[in-house]
Amino acid sequence: MSVSSSAGADYTKYAGSPFKRAVRWLHHLVSGALVFVGTYTLIPAIELHGLLFTVLADMVLWPTLQLLLRTPVYPWLVDFCVEHRGWFLAFTMVPLSFAHEQYSRVRNWYYRAFLATPHLHNARVREVQRQVRAWNLAGRKRPMVTARAPWLAVSVRVESYKDSCEQIRVDLQNILEVNTERMTVRCEPLVNMGQITHHLIPMGYSLAVMIEMDDLTVGGLLMGVGVEVSSHMHGFLSETVHACEVVLGDGSLVRCS
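Position one of the sequence shown corresponds to residue 1 (full-length UniProt numbering), numbered consecutively onward.
Incorrect hints may appear among the rest.
[What the hints assert, rightly or not] Derived DEER-like restraints, expressed as beta-carbon distance ranges:
{"no.": "1", "residue 1": "P18", "residue 2": "R107", "range": "19 to 25 Å"}
{"no.": "2", "residue 1": "W87", "residue 2": "Y111", "range": "35 to 41 Å"}
{"no.": "3", "residue 1": "R157", "residue 2": "R130", "range": "22 to 28 Å"}
{"no.": "4", "residue 1": "S257", "residue 2": "H232", "range": "21 to 27 Å"}
{"no.": "5", "residue 1": "W151", "residue 2": "T39", "range": "17 to 23 Å"}
Don't read these hints as lab results, they were simulated from the structure. As the structure is a computational prediction, the values presented were derived from the model and not from experiment. Think of the CB as a built atom: it goes at the ideal place given N, C-alpha and C, for glycine as much as any other residue.
Could you build all of it, start to finish, from the sequences and the hints given here?
Below is the structure:
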């Protein structure tokens, strides 16, 4: 979690029971070890693997495909794959989707149980402001984007587009408050629909506009107007938002309502 050192100390020392603090400390220890190992072993190994695959593709794969395109088998193979694509999806994508769904459930439970830190929301926002101000002081040499991994986004953009940009860490994925009197939910932008659903349903509530895709985030739906789902009574999800806090390009924080 990318917050100041004092906030990180508070996060480890004061939030939750001794058991939760121990799990949290172990989580950070393992995360740090994985980052170290990944930086000096896994990433070079992956880069070497990519280089070898590129060489192999240029020498063997692409020439083989070119030969296949010239054979009478190619049209039959294309027709077969199109005609029976359902079997491919049933035995590959369905199990993979199920496995990813179970992983997301376990991850969300683990985060809610041990890593949720709504009391550090202001510290996390100040950390985002600090990064944006540092980008300004550096002369805005590159476009600014969030550091969220592209594969996590529901998008068709190429995964490498963020490599040439200034990446701002936005570790804002906590549900902060459910106000049952005003019937509002206060949350951070990376909270997804699955988190909100699992949080509200045991309380007997749901959002006015329910989004059926669990991976879509509140921030993404607000910025994208939430056109994926709408309601005859309430309109788009963005129209049910009472207010939002926005960090501007100069690093200042404003409240929009």
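Now for the hints, and whether the structure bears them out:
1. P18 / R107: 19 to 25 Å: Given a distance of about 23 Å, which is inside 19 to 25 Å, the answer is holds.
2. W87 / Y111: 35 to 41 Å: holds, 36 Å
3. R157 / R130: 22 to 28 Å: holds, 27 Å
4. S257 / H232: 21 to 27 Å: holds, 24 Å
5. W151 / T39: 17 to 23 Å: holds, 19 Å
Against the hints set out earlier in the document, no violation occurs for any number.
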